[in-house]
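A.B. asks: Sequence:
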Amino acid sequence: MSTDTTTPADAATARPADAPPFRYGAALAARIERAWQDRWEAEGTFHVPNPTGAWADPAHPNADGDKVYLMDMFPYPSGSGLHVGHPLGFIGTDVLGRYLRMTGRNVLHTMGFDAFGLPAEQYAVQTGTHPRKTTEDNIERYRAQLRQLGLGHDDRRSVATTDIEFYRWTQWIFLQIYNSWYDEAAAKARPIAELEAEFAAGTRVPAGGQSWAELDDVQRRRIVDSFRLAYISEAPVNWCPGLGTVLANEEVTADGRSERGNFPVFRRSLKQWMMRITAYADRLVADLDRLDWPDSVKTMQRNWIGRSQGARVRFPVEGFDDVDIEVFTTRPDTLFGATYMVLAPEHPLVDAITPAEWPDGTGERWSAGATDPRAAVAEYRAAAARKSDLDRQEYKDKTGVFTGAFATNPVNGALIPVFVADYVLMGYGTGAIMAVPGQDQRDWDFAANFGLPIIRTVQPFEGFDGEAFTGDGPAINSANDEISLDGLGVAEAKAAITEWLSARGAGDAVVQYKLRDWLFSRQRYWGEPFPVVWDADGLPVGLPDDQLPVELPEIADYSPKTFAPDDADSEPEPPLSRAEEWVAVDLDLGTGPRHYRRETNTMPQWAGSCWYYLRYLDPDNHDRFVDPEIERYWMGPDPARSDDPGGVDLYVGGVEHAVLHLLYARFWHKVLYDLGHVSSEEPFRRLFNQGYIQAFAYTDARGAYVTAEEVVEDEDGGFTWNGQPVRRQYGKMGKSLRNVVTPDEMCERYGADTFRLYEMSTGPMDVSRPWSTRDVIGAQRFLQRVWRNLVDETTGACRVTEAEPDVETLRVLHKAIAGVHADYAALHHNTAAAKLIELNNHLTKTYAGTGVPRAVAEPLVLMMAPLTPHIAEELWSLLGHSGTLAHGPFPAADERYLVAETVEYPIQVNGKVRSRITVPADADQDQLQAAALADDKVVAALAGREPRKVIVVPGRLVNVVG
RNA sequence: GCCGGCGUACUCCAACUGGCAGAGAGACGGCGCUUAGAACGCCGACAGUGCGGGUUCGAAUCCCGCCGCCGGCACCA
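Residue numbers (this note's numbering): 19 to 980.
These are calculated hints, taken from the structure and not from any lab test. Check the hints yourself; a few may be wrong.
[Stated by the list, open to error] Cross-link-like lysine to any residue pairs, in silico, SDA-like; alpha carbons within 25 Å at most:
hint : residue 1 : residue 2
1    : LYS532    : GLU344
2    : LYS416    : GLY445
3    : LYS753    : VAL143
4    : LYS579    : ARG278
5    : LYS750    : ASN280
6    : LYS206    : ILE250
Keep in mind it's a predicted model, so treat the numbers as computed, not measured.
Please put together the full structure from these sequences, using the hints given.
C.D. replies: Okay, here's the thing in structure tokens:
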């Protein structure tokens with residue numbers, strides 16, 4: 019053990035010179051903590067055995083226990099390190115993991131790093147430091163910060179997404195996805211080779227109806243490529259010339275500028291890699307029901323996927339033989355009330371159907387004063403294009419212009435005018451709608467502006483005085499020669515009209531999603547290279563597995579080519595495209611040596627986090643991304659639960675990843691499941707959103723942030739800094755807010771155990787709460803009192819006695835044991851801590867002078883271990899045990915001490931407590947009632963009345979109703 | 001605007017899910033110990049549960065209506 023006692027921390031913690039030498043304080047804690055961390059590491063205390071392979075260990079004390087796979091959302095190792103808010107969840111899962119491990123479970127818990135990403139690359143651009151250097155330095159810093167917290171992680175299993183051995187498998191999984199297609203009939207992904215075989219055998223015919231045999235190789239490949247789950251597409255993306263890269267939606271601010279650098283961002287159509295996540299939309303929605311996740315997260319995913327059921331209906335355009343406007347509607351039952359149509363300004367049919375001249379009688383309101391429809395439409399489209407997405411959303415007043423064209427309502431042959439209006443969005447449905455003002459408020463507003471007819475097709479309830487009626491009710495005004503919906507409810511009417519439309523070839527029932535395919539490429543250096551090359555025909559070729567990993571090349575300049583910030587027409591040029599000798603390769607991919615060019619985009623940061631939980635299971639496997647047997651052991655479905663999809667037993671992280679990360683990971687996992695690589699259908703069986711630690715920040719009169727640590731509260735509740743009044747605000751902890759507190763400072767001033775205990779006792783895991791440095795002392799005092807109860811502060815000797823504890827103490831002990839089991843298991847670490855404090859308070863009161871009996875001291879120490887593992891280990895060894903307590907034992911509650919001999923009952927009269935009686939614990943209801951009615955105060959309260967009723971709740975109270 | 005969550009003491013949080021509103025921490029006040037302070041120990045005060053109704057023998061807990069805060073979605077056809 020280290021003997022260094024003169025760290026600067028000593029002075030800072032105000033430990034007086036005359037304090038006893040073995041008082042528990044920062045200095046002693048530091049010695050204990052370092053010693054135990056070293057020992058855990060040296061002995062591999064937290065190494066977790068696998069069921070098979072090199073890390074199988076049947077002799078491990080937990081090898082036969084039930085497995086539990088616990089996980090934290092892994093962090094991005096930023097340059098500024100951890101603040102006290104970050105480890106809240108990590109400590110919470112560690113406490114649970116330690117508890118489960120002590121009670122015999124085989125607990126897998128480790129930590130990794132989501133280490134690709136823009137900050138390291140930006141730093142490289144500014145300083146020339148290689149992103150790998152920056153990243154690895156930051157990871158080192160994080161590891162040191164996490165180590166000092168005493169987290170019981172299996173450090174052998176830690177991975178970083180930037181490890182070449184890790185991203186080799188990220189690339190391998192990409193190829194699995196690339197080499198698959200979604201078979202709608204089988205409702206699963208299948209290898210692309212099986213699709214090719216179907217085409218070749220003629221059991222499947224290409225959409226165009228051509229004969230496979232007559233197609234040349236390039237034509238065939240184009241068709242096959244169009245089926246792949248990872249495919250190339252021309253898609254509108256956020257192109258930021260100032261940064262020289264495309265950006266994810268979440269990297270663009272609400273006013274259309276880049277979060278970094280504040281450059282303008284343009285919507286541009288560019289050739290990009292996409293992932294066909296939409297093929298899984300149905301299963302991604304349906305399987306939410308099988309997950310133990312917070313409802314809020316499930317709701318967010320459902321919203322994001324946006325499944326809606328309805329019909330596509332075709333409206334023939336008047337004057338054209340073969341032009342239909344296809345709309346999507348969730349309310350086909352209201353078709354008879356469709357009195358006009360609207361196309362989005364970007365809709366491709368607009369040009370085709372807009373005539374050269376206004377039809378007779380077109381009024382000023384519809385024509386917007388333009389001399390002809392083409393001019394009017396052009397003007398309106400130009401105006402719409404100038405508006406940002408945001409403007410279009412906020413501008414609620416319905417604008418639009420008549421195209422001059424008419425379409426035919428298929429149910430009644432009515433000619434209805436076609437408008438262009440920006441309240442219809444090109445990105446949803448078909449970009450065109452049938453407008454039913456009677457049943458849709460948006461359409462009603464537009465109809466009112468343009469004087470369009472309104473026909474109700476659902477009878478509103480009696481007394482309805484609104485405009486559009488969107489509720490249920492009987493259909494009206496909805497009949498033609500062949501069908502009548504009148505009188506049917508909304509659901510029946512939908513079914514009836516959809517069947518009619520489909521029989522007539524005018525429409526079909528469809529399911530529509532808001533979810534779009536996932537844009538999967540970025541013009542960055544610091545990401546996973548695609549395992550793809552381009553051939554002379556300009557077609558992509560997935561590399562064979564033996565070509566992996568495709569390593570990032572060394573390049574001189576990490577920055578993408580940047581342009582004038584407002585140069586919207588510029589083309590992205592990824593940094594990798596400049597590594598000419600890397601890009602150009604000669605390979606023999608089974609067709610003889612040929613010349614290829616490598617894909618120069620890189621994958622988005624989400625890629626690694628889509629599967630890292632699988633790599634933790636088997637990180638040393640060089641032949642597979644994970645051994646199937648090991649995956650089945652840790653993540654396979656539990657046959658004891660009905661319809662269990664399998665997955666990580668508990669995944670803890672912030673709610674900010676509710677949609678993107680968790681949706682992408684579910685998608686990848688399902689592909690791997692379909693292809694038979696994993697036995698679990700879902701990655702995360704149970705999800706838990708931890709709260710955040712927030713902090714106060716203070717601004718002075720100029721609005722500048724002042725150092726929060728130096729602010730003092732005055733008597734009337736105001737705050738001052740250096741004598742000047744400052745204003746307090748509550749929110750995040752951050753460098754710029756000058757309110758950061760780091761775990762390093764806390765470990766130095768109090769020790770890791772105190773810090774852990776403080777964070778856990780401020781509330782349950784899912785609650786956000788303010789940080790308060792001055793409250794940390796409370797946790798330290800508790801540990802100090804426990805220490806003093808068990809250890810002589812002047813000699814350091816153990817003070818426990820071999821005496822038998824009294825019965826009252828045993829009652830208090832076993833009540834604490836029972837409570838602590840339940841609290842840890844439920845992640846209520848705050849109440850577990852309270853129960854331990856309560857127990858120790860009892861010991862202080864009872865045994866302060868004599869020393870605590872071993873039979874109570876030992877269980878107390880063991881129960882503290884999940885929260886404060888270092889001091890617990892130290893006390894356990896002072897109590898004479900040579901080994902670690904990490905694998906147990908953990909005390910079990912003895913029923914005998916949970917039931918008291920006598921019980922005090924409150925006696926209520928008419929619901930108010932009037933008296934108390936003490937009766938034997940086994941008193942039956944009649945005895946209780948008799949005792950209560952005999953009580954003087956009860957008799958007095960009744961004042962001679964006969965009680966009307968007496969309610970006896972065994973174990974709780976007696977209520978006399980008079 | 002729609003959907004969801006939460007309002008308990010000066011602060012953060014408990015309350016066996018309908019049964020005595022208080023476990024724990026901080027802050028606060030007092031006492032002890034001290035030359036003094038710090039530290040430590042002991043003791044104490046502080047809310048009737050955001051507001052208004054209802055159900056019940058009994059409501060922080062269940063129901064209805066408001067108010068406030070937080071989050072998600074938002075012209076999604």
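A.B. asks: Which of the stated hints cannot be reconciled with the structure, identified by number in ascending sequence?
C.D. replies: none
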